[in-house]
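If you read the sequences in order, they're chains Z and Y. Take the first sequence: its position 287, counting from 1, is numbered 287 in the working numbering, and each next residue is one higher. One rule links them: number in the working numbering = place in the second sequence (from 1) + 1000.
Please keep in mind that the hints were generated in silico from the structure rather than gathered at the bench. C-beta atoms are modelled at their ideal positions from N, C-alpha and C, and glycine is treated no differently. Take these hints with a grain of salt, some might be off.
To be clear about the criterion: a stretch of chain Z counts as covered by chain Y if any three or more of its residues have a C-beta under 8 Å from a C-beta of chain Y, and this derived list gives those stretches [stated by the list, open to error]:
| # | segment |
| --- | --- |
| 1 | 160-167 |
| 2 | 171-184 |
| 3 | 190-201 |
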Amino acid sequence: MAIAQVRIPEGKIPEWMGFDGLVQLISVDGQRTVGCPYWDLVADVGAEQLRDLYRDMTVVRRIDAEAMALQRQGELGLWAPLLGQEAAQVGSARALQPDDFVFPSYREHGVAYCRGVDPVAMLRLWRGTALSGWDPTDFGIATPAIIVGSQALHATGYALGILLDGAPSAAVAYFGDGASSEGDVAEAFGFAASYTVPVVFVCQNNQWAISEPVRLQSHASIARRGEGYGIPGIEVDGNDVLAVLAATRLALARAYAGQGPTLIEAVTYRLGPHTTSDDPTRYRSHVEEDEWRAKDPLVRLRALLQAEGLVDDTFDTDVNAAADEAAATLRRGCLALADPAPDALFEHVYAAPHPLLEEERAAYAEYLATLDPEA
Amino acid sequence: MATMSLGKALNAGLRVALERDPKVVLMGEDIGKLGGVFRVTEGLQRDFGERRVIDTPLAESGVIGTAVGLALRGYRPVCEIQFDGFVYPAFDQIVSQVAKLRYRNEGRVSMPLTIRIPYGGGIGAVEHHSESPEVYFAHTAGLRVVTPSNAGDAHRMIQQAIASDDPVVFFEPKRRYWEKDEVDEAAPLSAVALDKARVVMEGTDVTVAAYGPMVATALDAARIGEAEGISIEVIDLRSLSPLDFHTIEASVHKTGRLVVAHEASVFCGLGAEIAARVSERCFYHLESPVRRVGGFATPYPASKMERHFLPDADRILYEVDRCLQAA
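All chains should be built: construct the whole structure from the sequences, respecting the hints.
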């Protein structure tokens, strides 16, 4: 599904940017909020698009759950679940255009899904059969950055390239509340503001950087972090898919219009562990988790759909079948991901031949040949 | 043939690269109007504009990290790190991103960056302005590390580095910036490959392998040795990763003795790798143990002490003598 690009009148951008406070279009109980100017940014989103967003979020959640299961069953070495962040990811990714380029961190499976990446390809990294999984240029999304914050600079440089090319597109960096403390993010803000490049910084503040609560990173709003650099911020309810879509559209419109970087803080919550190796019971309470579970982005969107009569048995059957099919395909694909041959170790280190590497490759092949295959 | 200083030769090489490929962009601190603190980029912003020769904020990780993004967009960035000791804030972007992106992405992504770093001592500078950090980068798979020792090589090698689809860390021997040499601007780039060492003086008794700023010192030592009746062969390594072992081995086969000289601390320096390889491959050709001469296991000292830290011709000859005296 793709939501068509809407034409956002440049003249109105300052008005939207002037809105002060948390952008929320769907309340926690699934009601349309009243009075938020950001409604204008999603005026084109009708019943079909709302249902599509719900379908995306459901499928993404199902893929995430299946990957968790695959890890627990020993088929993946690790997985970083996105549970709870479906709206922040689908809402922002569905605002993007094909020529935009995304620089994700390692939890953006939902963003990658929306960019068209095969979820099986995403698993290659987590199964350990590769260090990444897809061709960035095929989908307009780089492969995951594991060094948190490093990709904010890559997005800024890519956006500088867009600016030099005079192209009508933008680069988008995804990072978390933890990465917001990294020097590279600060440097990215500095470069992006100095060159007025078309970049959008999407910080998913999921409240936890492994065991560290966001208040350890900062006592002030992340959305306002850019102000000192001259980068305006938008604080958006990250569990509200429409609000995130609207905020990202606005930030992209600023980028396309040559108005430079925007920082979006999508306030959300990581309902699962940091990764499958993590144990959140050691550092946070069930009470807190329950509070956030009550703000579940899928439950909220479903409530809106129900209130507006957009859900029926056919729709549910259809969505559930799509999710089940995605999970089954993922599982099949995962199990079919074979270990690479040892020689692959030496591939793609350099573009041009490298004598040392060739020597080591030959020596290792020679060594392997001495091993007794019967032993 | 033109005679020009090493710094001017780099400037001329950068100019050719900018002319030849519109995707080449220069980035760094003070490289625009000022022309860089060593004037290596002098006049380039004037002639190619602010979109090709880009002054950056003072943030080295930012310089390299944004260059990564530019490379992903199809550009060929040439980054200047102002001084050797300023590269460490960019270390993460260089070793974790620049070096690994091709491998991580199974060859689908190229990182044709050139990272220029003036390095080494001998200019009476304050702290952080005289270091030799080349081994950190030579140790990192995915990077190529090269260093010219003279104007002719500087002119050619900077163009080859920029044309390379691999990231190249390009170390410039800053105390040699003003030394003049013949530059054949018409010679084809392919005349000498970027990763080949060169025998710059032939000899028969001892091989001295050096690179960057130490090549001139090694040549001085060879001339003094000649007057004393010692025939020294001098190799300019030029490329530190990959190392051209063929040239080193061929020379050691001939002389049977090897001294490796560099400004960087001897411990875990490039000389250690060369000594290990030579002992593996040339053991039965060696007449004496491989000797190393270089910086001490100290931080780079205050300028009034740097003459003790930096190997000079005499310290090289001292090690040459020890090779010759070995039974």
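Each hint, compared with the structure:
no.: 1; hint: 160-167; verdict: holds (count 5)
no.: 2; hint: 171-184; verdict: holds (count 3)
no.: 3; hint: 190-201; verdict: holds (count 3)
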